[in-house]
Structure formats: structure tokens, C-alpha cells
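Please arrange chain B on chain A, whose structure you already have, making use of the hints.
The primary structure of each chain is shown beneath.
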Amino acid sequence: MKKLLLLSLCMLLFGITGVIAQNRTVKGTVIAKDDGQPIPGVTVTVKGTGTGTQTDIGGKFSLEVPSSASTLVVSSIGYTSQEVAIGSNTDISVTLETSTSQLTEVVVTALGVKKSERSIGYSVSTVKGEDLAKSGEANIIEGLAAKAAGVSIVSSSGTPGASSKIILRGPASFETDNQPLIVVDGVPIDNSVNYTNAGDNPYDNRLAGPQLSNRALDINPEDIESVTILKGPAAAALYGQDAGNGAVIYTTKRGKSRKGLGVDFSSNVQFDEVSRLPKLQLRFGQGSNDAYSGLTPNSFGEDLIKAGKPTYNNLDGFFKTAATYTNNVSINGGNDNTTFRLSVGSSNANGVIPYSNYNRYDVRLTADNKLNDKITVGGTMNYINSNSQSPSNGSDLSGVMLALLRMPAGFDGRNYLNPDGTQNTYYPVYDNPYFSTQFNPFSEETNRIIGNGYVDATLSKVFTLSFKVGVDSYHTGNEKDYAISSYGNDAADGSGQVNRTNINFRNLYSDLLLKFNKSFGADNNFTLTGLVGGNINYKQYSDSFERGRGLAIPGFYNFGGASELYVSNDTWYQSDKSLLADITLDYKSQVFLTLTGRNEWSSTLSRGSKGFFYPKADLAYVFSNLLKDQQTITYGKVRVAYSNVGITPLPYRNQLFYTVPFIADGYTSGLSFPYSGQNGYAINSRVPAQQLTPERNEGWEAGLEMRFLDDRLGFDLTLYQQTAHDLLIDQPVAPSSGFQTYFHNIAKDRNKGIELTITGTPVKTDNFSWDVTANWSHNESTILKLAPGVTQFPVGNFFSEPQSYAIVGKPFGALYGYAFQRDAKGNVLIDPDSGLPLQEDQQSMLGNPNPDWLANLNNEFHYKGFTFSFLWDFRKGGTLWNGTWQNLNYRGKSIESEEARTVTHVIPGVFASGPNAGQPNTKAVSGTIYVQKYLGGNGATNELAMQSGSWIRLRSVNLAYRWNFSKPGASIQYIEVGAALRNIFLSTKYKGVDPETGLTGASANAIGYDYYNNPGTKSESVSVRVGF
Amino acid sequence: MKNNIYIVLFALLLVSSCKKGEVLYSSPDAPAKVTPQVMLTSIEVNTIQNTEGDLARVAAMYSDQIAGISGQYSYIQDYDLKTLDFDNHWVGLYATTMGDCKIMIDKYSATDPAYAGIAQILMALNLGIATDLWGDVPYSEAFQGQTGVFTAKYDAQADVIASIQSLLDQGIANLAKPDNIDIPGGDDLYYGGDADKWTKAAWTLKARYANRVSLKDPNSAANVLAYLANGITDPADNMENPHPAATNTQNQWGAFAQQAFSYMVANKFFIEALMDPTDPTNATKYDPRLDYYFRQDTADYNKAPLTTSKYTGSDIADETGNPNASTVGKYFGYLGPDSDLVAKNFPVITSFEASFLAAEAKSRLGQDASVDLNNGIKGSVTYVTGGANDGSSIATYTPVTATLTNIMTQKWIAMFGQIETYNDIRRTGIPVLQVRPGSAGAKPGGIPQRLPTPQNEIDGNPANAKFIPLTTPVWWATH
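Protein chains in written order, with numbering that gives the first Met the number 0: chain A, 0 to 1027; chain B, 0 to 478.
Mixed in with the good hints there might be a few duds.
Stated by the list, open to error - Mimicking DSS-like on lysine-lysine, the simulated pairs with C-alpha atoms at most 30 Å apart in a straight line are:
no.	chain 1	residue 1	chain 2	residue 2
1	B	465	A	824
2	B	19	A	609
3	A	576	A	373
Simulated from the structure, these hints should not be mistaken for lab results.
Only a predicted model underlies this, so the values are computations on that prediction, with no experimental measurement involved.
The following block holds chain A by itself, in its conformation from the complex:
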């Protein structure tokens, strides 16, 4: 009550004194408590007004304040903000402490604009760079797993370098991969997964083949200062269509002006092991009908134990404990005008699968230079070299898991070489993985330069002009060898093959922004901040694929030694230009209204087409200033936002053209051109509409943020609904039309959900603190409309069954297949002749691969120099098609098949027909039929293989101790030692590998497939960090 009185009094005073206020200038320096170094980019505002500025490179600021102003609010990312009384001081020194809570008060938003948290009318999540580094993940995408609400991350496997897919608030688009834009220091970078196909390969090589990286993996997590996740389409109004599914904004570490040089060194050693594997039977050998045959891969042969023959567990000793070494050194320094940071990092990861590895080396130089009072220039250059050797995955007969898990118990896989150097395997067309991992390497190397430069010019107190250019340019080259005697070559005849791919990608980005900041009105109660400008985003991509078949010399992989050569190539260009404005009007730092508009012209729409407009508006109202009890409720904000963004098609999608057709029936490598020296062209299978328009993603969100008891407890609740309409779909049309798909703007879907973050500090004393952060999110996607007369269509054509489908009224990517026939009571109908279930003639939804909800809980304890934290990760729902389990039943290798084959079974259900129709089934089937046709899915359905991907996992446990030596002149500033565990505990009913798995990698919209996916891992690591 007292406070409110005081506040009212203050307001009254402001109101009165405003008229006669005399402005004065306050100067100061902001330094970090940790190292005593100045902090640039700190926001300094006059409390209760929108008036503010930022510190320069030297941590200095200068601010004109009304004479009535009594308090400054000093805040920066990663630091606890502070209120400083102005008093009569005109030179104020502020020391900021590193923030331990997740709550940061200034966030970097789109285009690198820093906004105070209170002014933002939409949901943002922030993750500190150190938490990213702590995750033990080399991939800056995977490192975000379980760190924020509404962020779904699925790694494709535990293989080093394998891609991770990130989805914010559910998938919407069928045309794009639904992943957010990745931005580093205000400039977009490429996060593609570059699968290149031979021009004559009819199949999707995401199903079978090496696991590739998502290119954001090139960024070193140690260089990251902070991450902002813009979940809604809010970012798109500033970055354009690439951010139509949100944006993840990484801000890197920069130099600090200081005395002498600062050197930070960190080193980490991590050991990975396979976390889970399917259980196999080791009793029955290769063959059929209880007898040996080497002409079937199935294990329905003789009982080896009974026969006293040797058996081999071929999983033993195949997977290794793999060591990863990560080392980083950074040097930073500078004076009042110039600062720099130079970092060098290396990460050398070995995989649990033999011969797999991933190595990344990067050097990064950031420099900022204040030329004079008005102009600051700066830039970053980052060079990355990454190389890897990746194991093959999925439905690949020369891959790892397929041939390894099917390997019969009577065959010793370790005996993989014949005396003549050819492979010893158990079945023609399957490569022995002990052989193929060694002799069929897939190696890839990427050289990448990411750079940006900027000029900021202060034109006046109101206006700043900012110009930025960024380039992201890389070359990726890879080579896949198939040794002579490997069946992995296209002809599957052991004649040897070499495939090479070269990819060149370049993204050029530039923006020119006029920023302004002006207070006006009585007492300067109103402040207008914002920017107007434009940006250009240009991308070009080219790849070439080269292949040599029929190798003459064993172990020699050069096209000179090949008897059949083939080349294909692909190129595209895309250019997007825009004009934009983003304006915030703030009233007394309590009410913030932001309006954003963008008009974009994209080359992927037809030439001369009109641009398209995206509006966005958000409103934030900090109501806590008005509350009576400001000790109980320290902060409260409500917010609401609307946006309507456009997403254009991929390049050339509006054209009807001819292509070299693929001719294959799904079993063989098919027929291709040039055929007998003749070229062939056929009309493309996709016919586009006359005019394409951008897809629209229209969203509302509302949120409530509150903090209580001196910020000891807080929550952030967001409700959102995004309706995507005019979605471009490759509407499957009847092939009798002469085409397979009609590409047009027609579909509509919706994602709605809830995101909740709760933060708390149950204990806080001088020496000890305990911080808790919990996130929970639920997203529900619904397909609202596809096309007239079309109620279902495939999202990705991967397996003939089950497929990933869009079905009206059902969630995105529903798993679709043939269900069991059931009676009205839900009993499975059994065919009285065979004793097996009948199945529907038409397909239906068998499972929803999207999780019901995601949650995580992080506990962090600080005691003096100790930090201890552990992060729980929960997922409810998210069906996976366990094709591995199903197929291992069919092959007689699953543990379930061991006993089941020896007895007859009566499958639960009722007779479908005959004299006992409707009565419980009594017809017994043989053990083999039960295992192969019921459990194994042959002649039954995939229903039994639809398994829940729910999990509870202890994603990470970290313990660290830090010694700070803050004595001036000490050569060592700090030493930190740490130990971490990752994925050390996993509880799931899923029968197979770690259910955090995805066969089709990050680039596909189809999720929920597990067909001989490579396994996930768990790890332990130790680290040391030293600062000089």
C-alpha cells in the first residue's frame, strides 16, 4: 500500500515536474563483475520512461535524462539487470552480475534489434550460450533440445554429424521443411540437409544411405553468447518468408575492451555408448522350415542350441565406446575504440558405429571499431572445415542396422573377410556391416565461410543508419565407395562403384535500416522507436553428381578405373527483395504497441508479379506498475499479437517443363537415360497452376507473464493459434490425367497450443541458490482443408505402407495404413480359413507421430563455486512406426520370435464369417505364421508396429566447480572443471532404439519412421575451462 502511495506520488510529481523539467546528461560505464571488463551493448533506460540508450564498445553510455528522473535501469543479456539511483551523479559506474536465472530482460530479436523484454508483444524464449555448450551436443540445433517450451527437436540418430530437425509450434507447410530460419548475428545462414540424388536414381535416398548433417552443425556452440527463439511467425515480417516457421537467432560472443588480452581455453572429452538396441534371439539359425538355407536371410532355420552348434551375438563388439575431443581457445581484447575476439575450435567426434566420425575445425574473428563518435564498423569472418565419415542408415542392404540385426545367430560376422580380400557375408545382396563400415566409406567434407560486416552511423539523436551485409558460402564434396564384392552398388552384383557429389551454395544477405528513437508528449511519456528499410536475400545452389560403375582395380576409386560413367547436375537461383517497417509506440514503458509491415518481391513467383505484404501487430501491457502490492507481484505483463506472413514456393515451381524421367518399379535400380546412347525426356509429373501466390500463415497469440516474490517465482503462459491457408500442395491427381500432381494454393491447416514456462528460485542465500525451470507445451495440428474432393494425400512417399499423410480433420503427417477389420465392438475380425486377421481394403489413420505434449524440468544448484544441474525431458505420445521390430519378427530375429515360433497361437478376435461368425476365434495358426504374418506384418497390418514414442529421460546432468581469481594482475582469472552425463537414463515402452529417432532426417516433413535406424547414444564427459 505504501509502495502504491509512493508510486502515485512519484507519478504525480512526474506529471507536475514534467512541465518544468530540465534535461541533464548522465554518463557512465558498465562493467562485468566477473572479469571487470566493460560490457558493450547494455541497455540503459530511465525507469518509467522509454528514454534509453546502449553502451558502446567501451561499456560507456551517455544519456539525456529529465531532471526528475531518479533511477536508471541497466540491463543486458546474460546479466542480472540493475536499478541505479541517479542522485546527483553525472558519472555513474555500474557493475553487472552474470545472470543465473533464465529470465533476461533484454532480448535480441529479428534483424539483431535488441528489445527490452517488457516491450515485446509475442512469445520469445531465450537460451544462454553456456547452456548450449553444456548440453554436450556439437549441433547448435540439438543443443536446444528440452531448453524451451514449444520447441520440438528430433535427432535422426546418435551418429556424429547426423541431422536434427527443429519444429516450432508444429508443422504447417507441405512445400517447405517447416524448420525455422537460422540467424547468426543478424544474418541468415543455411541449415539445409543436402541430399543429392543421381539424376537417374528414382528413389528417395533419405530412406537408405548415409546420414547427412544439417548445415547449422557448422556453427561452433562455444561461439554462441545467447539464443533467442522466435516461435511464432513474428520474425517473418522482418526476415521474410524463410522465417515463416519462426526463427532461431544466435548471437555470438564479441570482444570486450580491457587491459591486455583475455584468453579462454576449454577442453572436453566425451565418451559415447549406444543407449538402446532391439533384443534379438540367438537360438535359431538361418534358413526356413527348421532347416538351414543360405538362400534366405531369415532365421527360421534349425535350433542351434539343441543341435549343439555355435552361436554368435554379432552385436557384441560391433558398437564401440567412442571418444569425442573438443578444444576451444579464444582471445579477446581491445581498447575504447576497437575490440576483437578471435576463436579457434576443434571438435573430433567418433561414432559408436565403427569408422564413423565427425570433425569440425573453425576459426572466427570478430572485430568492432568505433571510427568516431558517429560511426561504428565491424564484422565477423568465420571459416569452418568439417569432415565426416558417416554410416549408412535405414532400408539399405549394405547399411549398418539392417544387415546387422538380421544377421543369423549361426554366422560369425566378425569373420568378414575372405582370403582373397572379398567380403564374407551370410546372404547375397546384404553386405556384412563389419565389412561395409570399413570398406564402403561415405566421406564428406565441407568448407564454409560465413561473414558479415556492418556500419552503424548515428545521424542524430533520433536517427541511426545501419547497413549490414552477410555472406554464407560453402562447398560440400562427398564420396561414397562400394568395394568390389560389396552388394551395395546399384546393380547389386559386387562389381564396385564410386559416387561423388559436389555442392556449392551461396547466400548473400544485405539490409539497410534507418532506426529511430524519439520521445515526445508531455513528460516524454510517449516514445516511438523503430526502423524502416529493406533487405535483399539472394541464394544460389548448384550440385553435380558423378558416378563410376564397374571398377577395374580393387580399392581404387577413380573414374579412370570405372567402365560406366554418369553425370547429372542441378542448379537453382532465388532472389527476394523487400521493404519493411517496424515501429513501436510505447507509453510510459507500460504499454507497447508494435506494428510491422513488409512487402516482399520473390523471384519464385512469376516475373513481374506484384509483391506481397505481411502485416504484424503486437501489444504488450505491463500492468504490474499499477498493482498495489509490488512485493508479491514484481512483474506482470499481458500481450497479444497478430501476424499474417507469406511463404513463397521453392524456385521454378510455377513452371511446366520436361524432365529426364525415372523409370523404376520400386524393386530394381530401374532403367535410365541415356538408354543405349539415346536421351529421353518426358513431361514433368507436376502441373502447376497458372498463377501461384504465397502461402499464408496467419496467427494469433496471447500471453501472460508474471513474476512474484522478488522474482523468486514466475511463469510465462502463451496460447496461440496459427492458421495456414493458401498452402501450396502437390495435390495428387489421378495419373489418368497424364500428371501425378497439381501444384496450387489450396490447403489449410491449423496449429494451436499452449506453452508454459515456470521459473522458480526455491532457495537463495548468499552462498547457495537453487533454480528451477520447467517448460510444458502442447501443440495440436489439424488439417482443415486439402482440395475439392480430396480428403487425404501423402506428405512424403517413403514406404508404400505406412505412409505419412495429411487427412482432413487429422493431424499433420498422420501415419496411414491398412487397419484390421473390426466389428462394432472393436473386436478384430479373423478369417476362419487362415486364422489370421482380416484387414481393411482402404487405408486409415494408424497413429499420430506428433507428440501430445513435451515437457522438461531443469534444476540448477549453485553453492559457492559449485554448479550442479540436471535436466529431465518428457515426451508424451508421438507414435513411431517400429518397422525394425516388425521386420525383425518377419525375419525371425526378434526376441519375441524365439518362443513364439515353437507353439501355435490363437489370435485374439472373432470369426468374420462362416458358421461361427461373431464367435471368439478358435482357429490356431502355426508359430511361424504367427511370427511372420501377424507380428511380422506380412499379410497383417502395421497396426501392431505402431508404438508410442513416449519417454522420460534424464537428458543431462552437469556438475562443475569454478575458482575465480579476481585479484588484479592475476594471470589466471578462473578455472572451471566439470563433468556431465547425457541421456544417462531413458524410460520408454518403445521396443527398439532410442525413440528420439528419425529415418528421414531433418529435411523431410514425414516423421515417425523407424526402419533399421541407427541407434541413439548416451555419454559421459569431463571438461576444463581456464581463463587467462
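Chain B only, in chain A's frame:
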């Protein structure tokens, strides 16, 4: 200030290195216009896949010639066909083959009638495959996607067959026109642009479809004989899918045997028909084609000796197929898992088929069919053995023994691997096949009488594409 200048220069460099102009709007990799030559080659290679690919293998399985024992082929052998199983095949027929035929016919009838004529014959051949396997299929309203029409009605099979005859007549007429500008050459993989050979093939195809309606058209047999008078008689005029020795031009039966190893093996029912039933292990009494159709290892893959007889088939009455049974052999270019495939063409329309068509027509007319039947057998044996055997030892039918049963049984043996055997069996019921029983895991209903309507038609054309039970015969197979 210097740095400032550098940055401006850097920016200019970036801007100037952007591509401008047409490449931003049209793919540099995909042409908007092509030539009739490349379209013809594409249609022909697609036709190769349609005539000898998976459809032919499924037809052979449902003719009890091969047995599916592993992978997807064990489902198909269980008569467990899904609507999704034939999406690719339907696309192959309609979108990539016939859709392009239609473009060629529309575009080139006036200027390049030879190209239009060949496109009409190939359209007829492929449309025939579609209607034989699916019954009523789209034709009269099909191929209009470019004008935004995606829901073609399904024409009655009788009308489709009339369209096939009409297409062939038009094709023959177009090939007879003298004023072609572009004359097909090497781009025509079948006949090198030889209009006479195309014309003979078209007449033989007319005879095939005249014969197809034997249960429906009283003039069927007379038409067959009339059409054959202009058809193929010399094996040198056979229409064959060319398969030179290269990985991308492989015989698709051989490629399947190699790449989908052990999915299919010889069916016991068929392989025993190639042996003397009274003396099945006597190699001297084998049909001369047996050693070409099938192969047999003497040791299994892991070098363990096999104790089975030289050629065995898998009995589809058994719950689990026999993986040690014979696989297909050198007739399809396949020599074994560790050998490269060899070049081996695949028959599409042959002189021996013409002989069997004549024999069946004469038999129906009550005429002596023995000469044509024996010619058919001799032609087949000569073709299959590459001239090593002329077949005279088994071509010994007399006017009395040249019954319809013997004609159709011999045709079933001669046409191994071609879709025609499945068509003949559904139409004549000869030979009477062995049906896989439910106790072995087969789906109810027996051997499918048609293929299921493809899922992509059901999805995209639901008003016209209806699921029809697999037990319902197609129109020409009904009395």
C-alpha cells in the same frame, strides 16, 4: 573511414555477384520444349518397364509360373494386394507413358505422322496392359491435366478395346503417310524407325485384342486370322525390349533376380510342366527351355552342397516358400548372385505369339490348329534357346491333339514372363492353376482376377475410381 570504404566495396561485390535475368525465373536444368526424338525414346523405355517389370512378374506369379517367397513378394503370393501396391505402375502407364503418347499424337500428327503413328501404337499397347489388368479404365477423358481436368471417367472395357483397335488403325495409317519431316532412327529403340515392322507389330497387336474378346465377339476368331495376315511372321520382325549390357539398361527380370534376391523362385507347378511327369528327374527328358528359363546352384551361397534335384520349384501350398528352389536364369540375363547380368532382350510381340493366336482362332473355328501350334512351340524354343534347339522334338501335335487345352497350355509355357499368360488363363481357365490355401496364409478369395484400383486414383479421382473386389473378373473374362 578506410574500413567504411572496404565495407562498401565488399557490399558492391556481393550485389554484383548475384545472377539476374531468366535463370531466376526458369530452371536452367529443365527445358520447356523438347524434340519428338527424346520423347519417343522416353516413351519406349517406359514401355519396357510396363511390359516386363513388376506387372509382368505379378502376372507370372498369378499364372503359377513363379512363386513369391520373400519380402513384398510373399505378400503378393498370399494374394494380399493393396491399393497402394500399384501406384507406381499406374503412374508408369498413364502419366509417363500414355500421357506423353497423347502429347506426341496431338503435336506431331500434322507435321511428323511417323512419330504420331508410333505413339498411337505404343498408346494402344500400354492401354491394353491397363485394361487387361484393371478392367474399366480412363481413356476418352484422360490426359487432360494441362487444361485442369483431373477426373477422367472410366470407360467400359469394351469401349477401351474399341479404342485400342482404332488407335492401331490410325497408327498404321500415319505410318503409311509419305511426307514425314522427322524420320525416327536410333531414337526408336524397337525398330530403328522401320515403318514396315511397326505396321506388322500393329496388326499382330490388333489380332491379340481381337482374340481377347473371344467370349464376347462372335467374329473374334475370324478377325484374329484376318489381322494376322498382315502381322509378324518372321522372328526378325519381333518387337523386343532391347537390353544392351549396361547397368541402366538391364533386363528387368534379371535385375530383379539380382537386386531382390530370393524374392521369387520357380513355381513347382510350372517347373514340373517342363519336365516329364513320369520321369521328372531325367534331364534328357527336360523341356529344352528349362535350362534357359531357370538356373540352379549346385551349392548354396555359403558353399554348402545342395541335396535337392537339379531343378526345383517352391510349392505354394507350403506355409513357407523354399529358398533353395531354382531362380530365373539366363533367358533373363541372370547368371547368379556374383555375376554381372548379360544382355538379353525381352519379348513384347513375337512371331510365335502370332502362331499361338492363329492356333487358338482356328481351334475355335473348328479348323486344324496343329500346324500353327507346332510352329508356335518351335518358334518359342528357337527364340528361348537362341537357336540352340529348334523345338521339333516337342512340337509333335497332330490335328487330334491340337486341342484348345494343349494350345493354351503350350502358350502358357512359351510366353513365360509375359503378362499375356495371366490374361489367357483368366479368359480360358487353361491351365487349371494351383491355388495357395488359406492354411498356408493366403487371403480369402483365391488368385486375384484383377489388380486393385490404385490408391492414387482413389485419392485423386474418387468420383470415378472405385475399389472393385479382386474376385470380380474383368469384362472380357466373363461369359
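Subject >> Hints not upheld, ascending by number >> reply: Of the numbered hints, all hold.
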